[in-house]
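Undergrad: This is what each chain is made of:
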Amino acid sequence: MIWLNIVIQGALVGGFYALFACGLSLMFGVLKVINLAHGDMAVVAGYVAVFLCPRLHVAGLWSFLIVVPIFALLGYVVQRTLIQKSIDRDPFTTLLVTFGLSVVIENLLLELYSANGRSVNIGSLIGESWHPASIIYISYVSLAVLAAAVLVLLALQLFLSKSGIGRLIRAVADDQEAAQLSGANYRHVFGIAAAIAFATVALAGIAYGMMTQFAPTSGGVNLLFAFEVVVIGGIGSLWGTLVGGIALGIAQQFGAHINLSYQILAGNILFLVVLAIRPQGLFGRRNSLA
Amino acid sequence: MVGAALLVCLLTAAPWIVPAEFATTLTNFFILVIMATMWNLLAGYAGMVSIGQQAFVGLGAYATLYFAIKGMNPFVAVPFAALVCAVLAVPITYLLFRLRGGYFSIATWVVSDTALLIIGTIAVLGGGTGRTMPGLQSLSPSETAHFSYLATWFVALIVVTGTYFLLRSRTGLVLASIRDNEVAARSAGVNVTAARRSIFIIAAAGCGAAGAVLAISQPFIQPSNEFNLQWAAEMLFVSMIGGLGTIEGPIIGSILFFVLQQTLQQQGVWYLIIVGALAVAVALWQPRGLWGAFRDRFHTELLPVGHWVEYVPSDV
Amino acid sequence: MTEALLEVESLTVHHGQLCAIDDVSFTQREGEVLAVIGANGAGKSTLLRTIAGLHQPTSGCIRLDGQDITTLSVNRRVALGISLVPEGRRLFSSMTLEENLQVGAYHANPGPFDIKRIYELFEWMPGRRKQSVWQLSGGEQQAVAIGRALVANPRVLMMDELSLGLAPIIVEKIYALLPEILAQGVSILIVEQDVSQGVNAADRVHCLLEGHTSMMGTPAELTSEEIDRAYFGAGLHNLTADSGVLE
Chain A
1 MIWLNIVIQG ALVGGFYALF ACGLSLMFGV LKVINLAHGD MAVVAGYVAV FLCPRLHVAG
61 LWSFLIVVPI FALLGYVVQR TLIQKSIDRD PFTTLLVTFG LSVVIENLLL ELYSANGRSV
121 NIGSLIGESW HPASIIYISY VSLAVLAAAV LVLLALQLFL SKSGIGRLIR AVADDQEAAQ
181 LSGANYRHVF GIAAAIAFAT VALAGIAYGM MTQFAPTSGG VNLLFAFEVV VIGGIGSLWG
241 TLVGGIALGI AQQFGAHINL SYQILAGNIL FLVVLAIRPQ GLFGRRNSLA
Chain B
1 MVGAALLVCL LTAAPWIVPA EFATTLTNFF ILVIMATMWN LLAGYAGMVS IGQQAFVGLG
61 AYATLYFAIK GMNPFVAVPF AALVCAVLAV PITYLLFRLR GGYFSIATWV VSDTALLIIG
121 TIAVLGGGTG RTMPGLQSLS PSETAHFSYL ATWFVALIVV TGTYFLLRSR TGLVLASIRD
181 NEVAARSAGV NVTAARRSIF IIAAAGCGAA GAVLAISQPF IQPSNEFNLQ WAAEMLFVSM
241 IGGLGTIEGP IIGSILFFVL QQTLQQQGVW YLIIVGALAV AVALWQPRGL WGAFRDRFHT
301 ELLPVGHWVE YVPSDV
Chain C
1 MTEALLEVES LTVHHGQLCA IDDVSFTQRE GEVLAVIGAN GAGKSTLLRT IAGLHQPTSG
61 CIRLDGQDIT TLSVNRRVAL GISLVPEGRR LFSSMTLEEN LQVGAYHANP GPFDIKRIYE
121 LFEWMPGRRK QSVWQLSGGE QQAVAIGRAL VANPRVLMMD ELSLGLAPII VEKIYALLPE
181 ILAQGVSILI VEQDVSQGVN AADRVHCLLE GHTSMMGTPA ELTSEEIDRA YFGAGLHNLT
241 ADSGVLE
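Chains as they are written, first to last, in the working numbering: chain A, 1 to 290; chain B, 1 to 316; chain C, 1 to 247.
Hints listed in this document are in silico derivations from the structure and should not be mistaken for laboratory results.
Be careful, since some hints might not be right.
Stated by the list, open to error - Between beta-carbon pairs, the in silico distance windows are:
| id | chain 1 | residue 1 | chain 2 | residue 2 | range |
| --- | --- | --- | --- | --- | --- |
| 1 | B | D296 | C | P126 | 53 to 63 Å |
| 2 | A | V221 | B | L95 | 19 to 29 Å |
| 3 | B | Q266 | C | H15 | 52 to 62 Å |
| 4 | C | T71 | A | A147 | 42 to 52 Å |
| 5 | B | A184 | A | V77 | 35 to 45 Å |
| 6 | B | A281 | C | E120 | 48 to 58 Å |
Cβ atoms here follow ideal geometry from the backbone N, Cα and C, with glycine treated the same way.
Okay, chain A solo, but in the shape it has when bound (with noise of 0.2 Å):
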């Protein structure tokens, strides 16, 4: 039953951590930029969430609507102006600019908000659960969030395997001067790319504020989530994603299970592990991350 508990719960948290990273995973597949301020862009979402809803009135589980679109948006602007550009130069300078943005928005965050956590606002929900058996509950969020994550993983799919711009998208991630001879506007491309990354980061952010408490730090630890997430699952593969969000999830668990300080060790173990023995992940194609 422990054990049950174990992959239940690990599968559950595994699932906010797959969101989480398939918007690096886009980044780079599409754009082969590592954006370093992943993770804070996911607390900016949660600030802009807090910030926003008393004053528009919205109830805090509502807020992904309006943050969303706003990320969706940003994500397009930041993409043709700050990352085309460091893009241009070179891919160290885009590493550089992307971990220099990362400092600046926690510190800014920092001196805007304190260190005190905070949390999306979604009232009594955030206690109720669903009590199966004897030691297993069953959080309502932390299962929504898990429906919402192999949603969007799916629409994702879909959307890239199907319509045009989808392909356009994967066009231009496999070749990008070939995309280009074939009438692409790649930077174009890009800000679309990176549009749906910011936007499931937001979605990520907010549900990460309705799980639990976000503070200016918090996105540190969430973008070495997400990067162990997209190399246990394996770079180019969306369900590697969820599957290795999972496995993560699990590690974690097992690992505070034995002692609560091990929780974010176990994970760095696996994610070693596997990079000692697979390197291209769980689903990745060799010679992916060289």
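With chain A's structure known, arrange chains B and C on it following the hints.
TA: Below, chains B and C without anything else, positioned relative to chain A:
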């Protein structure tokens, strides 16, 4: 040359010239110079962007702590701590070198985070809460400040001059060739991986030494301080702003950083925000940094490490 | 006399410090096949890539239908009617045959070529449209690359090293398609290392040697000796106004 010798003498005599608080500031300055020089070596010359060098800062600090607990004089422990870091770096490279680019970078951070967490479980080293460095109790506070300054200054001197000579050596040429065109370097017979590995090990040792003197100068050792990501941010920003790929760059960047930090100290973390924004701006618009711009403008070199290729026409 | 469709005037292109194209000029007329030949490194691919917009020239001018396109982006030039089949095919490896064509069709101009028409041109394609392109043979991949460029309905179709890595019989099949493409109103600019194929297929030939023009003319008036000399560079011949064919 004369100017350099004069500067060295001045800086060595500093503790007796300046007040103790300034000595502490200088100590922190030189710690940053060491870290930035090492980061610059990694990123600017070997093309490896690490945001996990604080792993070795922490490991160096804790190695020093360990040796001190075992009875060694902390000052004597410094080179040993650097050695420990160099040794630990070897297996780490085998893991990390499976990744490239941004994934390499984040993996360095994972390594650092893991080191932090592991050290945090070791009770004798203070666990998560930390402990004081033994072996320094016999010294008065101002003596501690002076001696830790001297130790830091000497380590910085060794590290910077060592890097200078390294880059002027054949290894430096090898590194420049890898940086400019890796494929061409490989086909010319350069063992790129071995070169990268040695640089990573050197940088680990350097950061380990920085961590060791950090531990001596701030004798309460705790994981969250020694393994702080902020070291990574500072190394990176300072090297970028000063000028990547030059020896002078990290030094100049460090000077700017400290000036900003001292002036804006009252305003919380604004100095870090400004430095970060400046680093981003530099990366986008003036990637050669302050020193690079100055060098281009005035055509001067303080510590030249570049190579010019001269065309010598043959007599045929 | 048909109007000039594509004009390249005094084009100079550098790769860093290396001069890849040095003061090259030529004109492509509507409805003709122009072959640019030359040895490896002569600058042929750079020429096509610059016309397509992937490189910026150091100096010189490129005009399509009289309009200066020298500074336009790659996708703008595709919209105006220039399509390049790049060297090495460069298909989208994670996608199927049909998806590759669909990408080409997404920004297509109106015209005679659509995916259906491509399937008529290459009868073997419809049966394998759901296959991933990495499962296709070299010749089949080349066909898909041509189809992908054609489906955009270009005015000028540029093809870089069609024959590279392909068996001669496959190369012949591909060259046999050219008249059909021409018949639909598409002008063709091919770059070839294989001199005989290039010269046979062409209405006019332009030879590059180390980045500059070494010879221009029609196949009829060029002896194979002259072509060899222009190709390999022994004793440079510059047939200019004397040959009577150039503007």
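Undergrad: Against this structure, judge whether each hint is valid.
TA: Each hint, compared with the structure:
Against the hinted window of 53 to 63 Å, the Cβ-Cβ separation of D296 of chain B and P126 of chain C comes to about 60 Å, which satisfies the hint. For V221 of chain A and L95 of chain B, the Cβ-Cβ distance of about 21 Å falls inside the hinted range of 19 to 29 Å, so the restraint holds. Judged by the Cβ atoms, the range 52 to 62 Å given for Q266 of chain B and H15 of chain C holds: they are separated by roughly 53 Å. Judged by the Cβ atoms, the range 42 to 52 Å given for T71 of chain C and A147 of chain A holds: they are separated by roughly 50 Å.
In this structure the hint that A184 of chain B and V77 of chain A lie 35 to 45 Å apart at CB holds, the actual value being about 39 Å. Take A281 of chain B and E120 of chain C: their Cβ atoms lie about 56 Å apart, and the range 48 to 58 Å holds.
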